[in-house]
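K.L.:
Below are the chains, spelled out letter by letter.
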Amino acid sequence: MATETEIIDLQKIRSDFPILSREVNGKPLVYFDNGASSQKPQQVIDVISHYYEYEHSNIHRGIHTLSQEATNAYEDARKTLQHFINAKHDHEVIFTAGTTGSINLVASSFGKKYLKEGDEIIISTMEHHSNIVPWQMICEEKGAILKVVPINDDGEFLMEEFNDLLSDKTKLVAVTHVSNTLGTINPVKEIIEKSHANGALVLIDGAQSIPHTKVDVQELDCDFYVFSGHKMCGPTGVGILYGKEDILNNLPPYQGGGDMIKTVTFEKTTYNSLPHKLEAGTPNIAGGIGLAAAAKYMNEIGIDKIEAYEHELLIYATQQIKQIDGVRIIGEAENKASVLSFLVDGTHPSDIGMIVDKLGVAIRTGHHCTEPLMDRFGIPGTARASFAFYNTIEEVDIFITALKRAIKMLL
Amino acid sequence: MKIKEGQNEIIEEFALFDEWMDKYEHIIELGKDLPIIDDKNKVEENLIKGCQSRVWLHAELIDNKIIFSADSDAIITKGIIALVIRVYSNNTPKDIAQSELFFIDKIGLQEHLSPSRSNGLLSMVKQIKMYSIAFQVKA
Numbered sequence: 001m002a003t004e005t006e007i008i009d010l011q012k013i014r015s016d017f018p019i020l021s022r023e024v025n026g027k028p029l030v031y032f033d034n035g036a037s038s039q040k041p042q043q044v045i046d047v048i049s050h051y052y053e054y055e056h057s058n059i060h061r062g063i064h065t066l067s068q069e070a071t072n073a074y075e076d077a078r079k080t081l082q083h084f085i086n087a088k089h090d091h092e093v094i095f096t097a098g099t100t101g102s103i104n105l106v107a108s109s110f111g112k113k114y115l116k117e118g119d120e121i122i123i124s125t126m127e128h129h130s131n132i133v134p135w136q137m138i139c140e141e142k143g144a145i146l147k148v149v150p151i152n153d154d155g156e157f158l159m160e161e162f163n164d165l166l167s168d169k170t171k172l173v174a175v176t177h178v179s180n181t182l183g184t185i186n187p188v189k190e191i192i193e194k195s196h197a198n199g200a201l202v203l204i205d206g207a208q209s210i211p212h213t214k215v216d217v218q219e220l221d222c223d224f225y226v227f228s229g230h231k232m233c234g235p236t237g238v239g240i241l242y243g244k245e246d247i248l249n250n251l252p253p254y255q256g257g258g259d260m261i262k263t264v265t266f267e268k269t270t271y272n273s274l275p276h277k278l279e280a281g282t283p284n285i286a287g288g289i290g291l292a293a294a295a296k297y298m299n300e301i302g303i304d305k306i307e308a309y310e311h312e313l314l315i316y317a318t319q320q321i322k323q324i325d326g327v328r329i330i331g332e333a334e335n336k337a338s339v340l341s342f343l344v345d346g347t348h349p350s351d352i353g354m355i356v357d358k359l360g361v362a363i364r365t366g367h368h369c370t371e372p373l374m375d376r377f378g379i380p381g382t383a384r385a386s387f388a389f390y391n392t393i394e395e396v397d398i399f400i401t402a403l404k405r406a407i408k409m410l411l
Numbered sequence: 412m413k414i415k416e417g418q419n420e421i422i423e424e425f426a427l428f429d430e431w432m433d434k435y436e437h438i439i440e441l442g443k444d445l446p447i448i449d450d451k452n453k454v455e456e457n458l459i460k461g462c463q464s465r466v467w468l469h470a471e472l473i474d475n476k477i478i479f480s481a482d483s484d485a486i487i488t489k490g491i492i493a494l495v496i497r498v499y500s501n502n503t504p505k506d507i508a509q510s511e512l513f514f515i516d517k518i519g520l521q522e523h524l525s526p527s528r529s530n531g532l533l534s535m536v537k538q539i540k541m542y543s544i545a546f547q548v549k550a
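Residue numbers (the working numbering), protein chains in the order written: chain A, 1 to 411; chain B, 412 to 550.
One or more hints might be untrue.
To be verified - DMTMM-like mimics (lysine to aspartate or glutamate), calculated; alpha carbons at most 25 Å apart, straight line:
| hint | chain 1 | residue 1 | chain 2 | residue 2 |
| --- | --- | --- | --- | --- |
| 1 | A | K358 | B | E440 |
| 2 | A | K408 | B | D484 |
| 3 | B | K434 | A | E23 |
Keep in mind the hints are simulated off the structure, nothing from the lab.
Take these sequences, add in the hints, and give me the full structure.
P.N.:
In structure tokens form, the structure reads like this:
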């Protein structure tokens, strides 16, 4: 196994994250709950503080200097994020409250205009509730049908079954790029190609992929790509909806309010152009600027390096955990991101989580907002360790030791 | 009052433990030892669904005293439940309704009642109070 320093400067990176030097329950924090939310580097915290200290004002249409500066900062952030995902235009990048907000926007606006009775939307078994419930809601409203692509026992998307589900009734396919519970990396390019060949649009849930892998929306040719800021070292409450220009132009507005209008009279309102048409009200300005700072930070380290290093952490942790008697890994796809879900015979995940927490190790337990997926495996939940590029091999060792101690206490 | 005394006893019992490890080991033992619910009562209508673990709570009134039984699929939750049942079971609805639950805080397990745990324990405590009020009306 290659050493950490060969890929990234771990010491430097860890010093960027103030929270990593704190203690929890009297022990050094080992943070393995990155799938739920990542920690924030000083560079991002500083940009947000600086914005509130020196630059804050409401954006767009302000005549004064501060407003113009804040507007520039916000629109520059949009451009940074455009380049981060290689979108063709900056107005294809819509600021939202996060992945959930982005999916709800598409489900509502797209569904309202294009869905009719008997139409079908396809999702997969491994979707997060945020990529299930918004579609259920709009399907119910429109009399459309939600179809679900099954997975195999390793947690892999079944392409043949997907082919069988695709038909001229399929209006949209919404699939996660990386499963938050299993770590499975889905063959999204193939899914997109097949969907397009069938005349269906595709939304990719990038919440778990954007922090770990290079995303190029033009290369993928997806119609929508959605993700959150807080899982990629950015602040909470901000995220992105990427959509192809012509598709977004044809979507009706999601919410009405300030900023999204061209003119308003009591008789008729005309709407603003992209991206503003889909961004009603004063946005999360500091959030958007902070998210761009996070994208710059990750780019400086190099997403390829982040991916390679996290893969090593996953491989090492998987090898170590497999040596413990009674451990069963949930999700053994060939292509996996740095998510390790597991169960231990004779124990409940929440008991494991509570005890390792006492030993300073933060993992997540439960159904991870993927109840249908848990049902597919016939389990109530899992314990999940998810790694980021600032984690270390030593931390994996601490986790494994803590896990062994928990098992000893519980059995 | 019996409920207060019962809680004070538990606080004394836990004062013996300096280390969290010992405390948790004791709770785990309590959880393992107690078959605290009859299988016929482990049904959907007695289920309190938390995000993390499931809790079953059954209550019946015998001679104006509520007899509680409960269970959980998570052992630490089950151990704490065993303590809660020990405190509340076999008391009158009126006493339960008027009582305050303070021992969980005092023995340093308040985190288990926090909403972020979503382990069903907080809902179970609320449900116990609901039963006491309902049985009071009945009596």
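K.L.:
Work down the list of hints and note, for each, if the structure agrees.
P.N.:
Outcome of the hint check:
1. K358/A / E440/B: holds, 18 Å
2. K408/A / D484/B: Within the cut-off at roughly 18 Å; holds.
3. K434/B / E23/A: holds, 21 Å
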